[in-house]
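J.: Chains as they are written, first to last, in numbering that gives the first Met the number 0: chain A, 0 to 620; chain B, 0 to 620.
If you're looking for bench data, these hints aren't it; they were derived computationally from the structure.
Keep in mind that this is a model prediction, so the values were computed, not measured.
Just so you know, not all the hints are guaranteed correct.
[Unchecked claim] Here are the simulated distance ranges between beta carbons:
1. E123(A) x E330(B): 46 to 56 Å
2. R15(A) x A521(B): 57 to 67 Å
3. R488(B) x E330(A): 36 to 46 Å
4. D71(A) x P329(B): 49 to 59 Å
5. P329(B) x E403(A): 42 to 52 Å
6. V29(A) x T333(B): 52 to 62 Å
7. T333(B) x Y268(A): 39 to 49 Å
8. D25(B) x A571(A): 27 to 37 Å
9. E403(A) x D25(B): 35 to 45 Å
10. E297(A) x E330(B): 37 to 47 Å
11. D71(A) x E607(B): 33 to 43 Å
Think of the CB as a built atom: it goes at the ideal place given N, C-alpha and C, for glycine as much as any other residue.
2 protein chains.
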Amino acid sequence: MRKEFRDLAEPDEAHRIIEGLPLAPDSEPVPLAEARGRVLAARIDAQLDVPGFDRASVDGYALKAKDTFGADEAEPARLTKVGEVHAGAEPDVVVGEGECAEISTGAVVPEGADAVVMVERTDEDGDEILVRTSLAPGDRIMFAGADVAAGERALGPGTRITSREIGLLSALGIDEVPVRGRPTVGIISTGDELVRPGESLNADAGEIYDVNSYTIAAGVEEAGGEQTLYPHAGDDYEAMESLLREAAEECDLVLSSGSTSASAVDVIYRVVEETGELLLHGVAVKPGKPMLVGTIKESAYVGLPGYPVSALTIFRTFVAPVIRAAAGLPEPATATIDGQMAVEERYAEGRLRYMPVGLVESGEDLLVYPVDKGSGATTSLVEADGVVAVDPDTEYLAEGETVEVQLFSPDVRPPALFGVGEDDPALARILDAVSNPRYLGLGSREGLRRLRNGIPDVAVTTQTLELDAEELGSWTREWGLVVPAGNPRNVEGLGDLVDRELSFVNRTSASGLRTSLGNAVAELATERGEKRHALVEAIEGFDRGVRAHESPARRVLAGKADVGLGLRATAASLEMGFVPVGEETVQVLANPERIEKSGVERLREAIESTDVFDSLPGYRR
Amino acid sequence: MRKEFRDLAEPDEAHRIIEGLPLAPDSEPVPLAEARGRVLAARIDAQLDVPGFDRASVDGYALKAKDTFGADEAEPARLTKVGEVHAGAEPDVVVGEGECAEISTGAVVPEGADAVVMVERTDEDGDEILVRTSLAPGDRIMFAGADVAAGERALGPGTRITSREIGLLSALGIDEVPVRGRPTVGIISTGDELVRPGESLNADAGEIYDVNSYTIAAGVEEAGGEQTLYPHAGDDYEAMESLLREAAEECDLVLSSGSTSASAVDVIYRVVEETGELLLHGVAVKPGKPMLVGTIKESAYVGLPGYPVSALTIFRTFVAPVIRAAAGLPEPATATIDGQMAVEERYAEGRLRYMPVGLVESGEDLLVYPVDKGSGATTSLVEADGVVAVDPDTEYLAEGETVEVQLFSPDVRPPALFGVGEDDPALARILDAVSNPRYLGLGSREGLRRLRNGIPDVAVTTQTLELDAEELGSWTREWGLVVPAGNPRNVEGLGDLVDRELSFVNRTSASGLRTSLGNAVAELATERGEKRHALVEAIEGFDRGVRAHESPARRVLAGKADVGLGLRATAASLEMGFVPVGEETVQVLANPERIEKSGVERLREAIESTDVFDSLPGYRR
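Can you build the whole structure from these sequences, using the hints too?
T.: Structure, rendered in structure tokens:
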């Protein structure tokens with residue numbers, strides 16, 4: 000069904016081809032007030048002297064230096080004040096021998112004067128001024144052009160304009176600056192299943208929100224380009240073709256991200272062949288094999304992979320550098336960071352791999368761990384901080400080995416706190432008090448497993464195990480059966496699930512809540528003198544579970560089941576009925592080597608000081 | 000004349016007072032497409048499952064896993080194809096026992112099916128599909144909510160929004176995001192002498208362009224604030240007062256930078272006292288003593304010093320952090336950098352000093368040197384890269400001591416090439432080929448002195464001295480006397496300057512060109528059998544010089560002198576007359592330890608490959 004790619008290009012060749020794409024925006028003039036962050040397109044030579052006149056550097060008196068020769072505290076020179084000169088005014092006085100003029104900082108030194116004395120070194124005596132120091136010609140005067148002289152090179156082409164360059168341009172009186180143009184990038188999304196955020200979604204028809212268009216648009220802006228999102232083409236091939244042509248007409252570069260349909264790829268292929276040139280079809284990297292590079296009319300075209308992390312990785316690695324180069328911007332200083340592998344990673348695929356990784360700070364070290372979620376997951380975007388390029392001939396990365404992480408964005412920072420464990424609504428609120436936390440709600444068991452492996456800072460668990468860990472805090476939550484509002488089927492307890500024809504939605508086995516349910520079923524079996532597995536088999540839906548704390552309740556709410564496993568707090572927030580079964584303790588455990596990490600300390604304080612247990616039904620400390 | 004400040008506050012107290020200013024912008028909703036770089040104001044919990052349905056992960060066939068138990072290459076399972084399901088379409092088929100449905104990646108797994116087999120593991124045989132592998136329930140299916148489950152915490156308040164967060168928000172269908180507001184900052188400039196860039200300037204009346212308003216406005220934007228420049232108030236006190244009130248009404252923070260006039264300070268003082276509260280008047284730092292902090296109505300007010308570097312330093316140190324905090328942004332990762340002092344710096348003023356410094360890379364080291372230009376100079380802005388905070392009780396910083404440099408902007412980088420020496424128009428063009436150079440045209444002598452001290456990478460000189468340096472290249476330039484177009488006074492050579500009543504403009508003594516002139520006068524004296532100093536004294540204007548290569552010519556052009564010292568190239572570019580006197584060689588010398596530095600290599604190549612010597616009159620290699 001899908002087109003197969005042969006003769007994959009080597010990554011270096013792909014870089015070379017993409018760097019050769021026609022992406023040269025014209026330079027443009029911008030007002031000084033909008034020049035910040037832009038890049039100068041031409042040399043700026045000063046067209047005037049700064050200052051434009053001989054300028055007093057202090058408040059005092061302008062005079063002839065030779066009139067003060069030999070003067071000191073004891074024997075001041077005595078001069079006649081003949082006038083005043085203020086900043087921003089043309090002097091109306093000439094200083095002759097034995098004379099002086101009062102002068103303000105920044106004012107024009109009047110004709111005849113060749114030095115200025117600070118007011119602090121003088122005294123007034125009627126119309127006469129006593130000067131209690133000797134001056135040399137030029138003292139306390141900034142001569143015309145001393146700061147910048149007309150004809151001097153002030154700033155060169157390629158200069159990034161920051162506040163200080165704005166300052167120099169202002170001093171030169173320049174209010175319009177020639178800057179490098181920003182390359183314009185058109186982004187096209189294809190696929191009948193894609194819906195724009197904000198529009199309504201029909202999940203039953205397999206619709207999903209369009210992730211890549213917005214992610215890549217933000218990436219284009221981060222790289223210094225100007226992005227345009229084109230209206231959604233669906234899988235209507237005529238519409239797609241005319242969109243591609245329109246975008247190529249209007250933009251320097253057109254990007255699309257992998258349509259799932261082979262026919263859509265065919266349309267793009269044909270438009271490229273008809274109106275431009277196909278330069279590359281497939282690259283030997285993981286992810287990113289189906290990358291398409293070419294020209295459409297006078298514009299460049301790159302087709303990115305479809306999975307969000309893959310699309311962002313390929314964009315960041317192959318496309319962002321050429322956008323930056325076209326805009327005249329350097330690679331951001333914070334775009335890469337070195338760290339140590341937290342675990343060994345084996346690899347044997349024989350092609351360059353961009354491995355998504357997360358970062359966690361441990362003392363002075365920055366640990367790097369692979370994020371192993373499928374690349375189709377959007378959450379990989381926020382669970383990973385960047386990628387590590389693993390060479391085709393690297394067989395494994397050793398634990399502790401130093402690797403360079405290419406961050407997804409220059410503004411990405413390692414999280415202040417990294418936690419894994421039980422999905423809990425109280426915890427979600429407590430985390431609001433920690434800035435920049437990362438928390439993966441993978442369940443109690445996974446939290447404990449990873450804490451043991453030394454990667455996260457904390458695990459959140461309903462299961463107490465022998466473990467070298469420090470408890471930061473704990474609380475208790477009430478759990479049970481979530482039913483529709485008003486409990487229409489009159490469910491009274493676990494026994495009803497076993498005895499009656501009720502469809503049930505469980506949690507996945509990673510969840511601590513499911514363990515609590517299993518224990519309660521075992522107790523019921525003991526009470527009844529039956530085998531546990533017999534009761535489990537009698538519950539319709541016990542074996543299959545859903546992932547998060549609200550998921551079972553939402554299935555019930557959608558009419559897809561009668562009863563869901565859940566918390567009293569969840570039932571209350573969704574305005575549903577609740578049949579209590581038990582209570583369980585949620586513990587927050589920290590890696591003992593990280594208890595002084597600021598994010599961990601902050602979490603401990605947040606647990607101690609929160610009032611969330613008073614406001615969430617079924618919770619207590 | 001000027002108000003004196005007593006009881007200077009300690010810097011820590013100033014920080015504390017400024018941090019306590021009322022600067023709390025409301026949060027606001029922004030469209031997803033404009034959310035990049037902003038900071039989330041609230042927690043975002045997922046309101047839907049991602050994916051919203053059980054989704055096929057591959058192209059292939061949806062089936063019941065138990066129908067494939069035991070199947071392999073040799074003995075495939077044989078299933079009847081009962082329909083097709085495409086991405087973005089609702090399934091119109093139910094899969095029964097012994098049946099399968101063709102399915103595309105991303106499509107909804109139809110009712111009855113619990114696994115998907117890849118097309119590569121199947122064969123078609125008429126209406127039947129041969130499945131050559133065994134599957135387990137759930138294979139090649141991404142279950143509803145597996146990526147993000149409804150009710151899960153997706154992103155927390157305080158999260159900086161980069162491309163990856165944009166991706167997650169898109170996946171959740173969110174098209175409007177609650178973000179922290181940007182604090183609004185009003186900037187007021189005072190002083191009759193200030194003129195806005197782009198307007199015409201009367202230098203004779205002591206007017207200068209307004210530097211601080213634009214510099215600080217750019218600094219406000221870098222810190223995440225929104226700036227408004229208020230129209231220029233001059234020294235009209237009523238206008239200034241109403242501007243202060245208007246800005247306070249409209250902005251969270253009002254900034255002004257030091258008026259040179261004491262009365263202007265009095266107006267600000269009075270408005271603060273009448274409408275708000277004066278919190279601080281003067282801080283024990285250098286620069287920045289006259290800092291004023293208070294409130295005007297409900298808004299915060301900070302008065303900054305008047306010199307550009309001082310204003311930017313105080314803004315960056317005291318004000319930018321509170322703007323960032325109000326916007327929810329962290330200190331940028333690149334805002335500080337460590338380096339080693341290139342020279343010893345003595346210090347004994349007993350108060351905290353922010354010392355402006357430049358940076359230069361030398362091998363693995365980053366050298367830091369004080370920029371000693373007066374703080375009134377705008378060029379200090381671009382000759383310095385940031386400041387080093389020197390404690391009141393630090394007596395000196397040793398050569399080689401490690402210091403932390405607070406960069407003026409996070410985007411500031413050490414220059415790729417640092418040169419000092421002769422001001423030369425050919426060099427100005429050659430430098431265009433080097434990205435991010437820094438060149439100080441301080442004259443040949445100063446270039447050689449500094450090269451000997453080990454700070455710059457290169458010196459450019461017309462004077463050959465014994466020096467351990469490598470020549471990167473050299474060229475020859477013709478110099479002489481620049482006269483008005485058509486040479487109205489009929490100047491024929493140096494002798495005319497001595498013999499006739501001609502007013503002359505020389506260069507400063509740092510200039511190599513002045514040395515060449517001096518040598519030529521000495522030769523003329525020898526020819527005539529006279530003393531050199533007698534000839535010098537006969538030239539009106541020989542002793543005072545101006546700074547840059549065009550400066551004398553521009554004085555002549557402005558009618559302030561008859562003859563100026565200059566180059567043939569300068570005369571040509573200003574369309575003036577030229578009387579040749581001699582030729583001199585310009586040498587570019589490099590620090591031998593830095594010849595492999597990329598900026599130095601680039602300069603060598605640029606000198607070798609330039610065609611500027613063909614286009615500039617009077618130049619040759």
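J.: Work down the list of hints and note, for each, if the structure agrees.
T.: A quick look at each hint next to the structure:
no.	hint	in the structure
1	E123(A) x E330(B): 46 to 56 Å	holds, 50 Å
2	R15(A) x A521(B): 57 to 67 Å	holds, 60 Å
3	R488(B) x E330(A): 36 to 46 Å	violated, 57 Å
4	D71(A) x P329(B): 49 to 59 Å	holds, 56 Å
5	P329(B) x E403(A): 42 to 52 Å	violated, 23 Å
6	V29(A) x T333(B): 52 to 62 Å	violated, 24 Å
7	T333(B) x Y268(A): 39 to 49 Å	holds, 42 Å
8	D25(B) x A571(A): 27 to 37 Å	holds, 30 Å
9	E403(A) x D25(B): 35 to 45 Å	holds, 41 Å
10	E297(A) x E330(B): 37 to 47 Å	holds, 43 Å
11	D71(A) x E607(B): 33 to 43 Å	violated, 59 Å
When held up to the earlier numbered hints, the structure conflicts with 3, 5, 6, 11 and fits the remainder.
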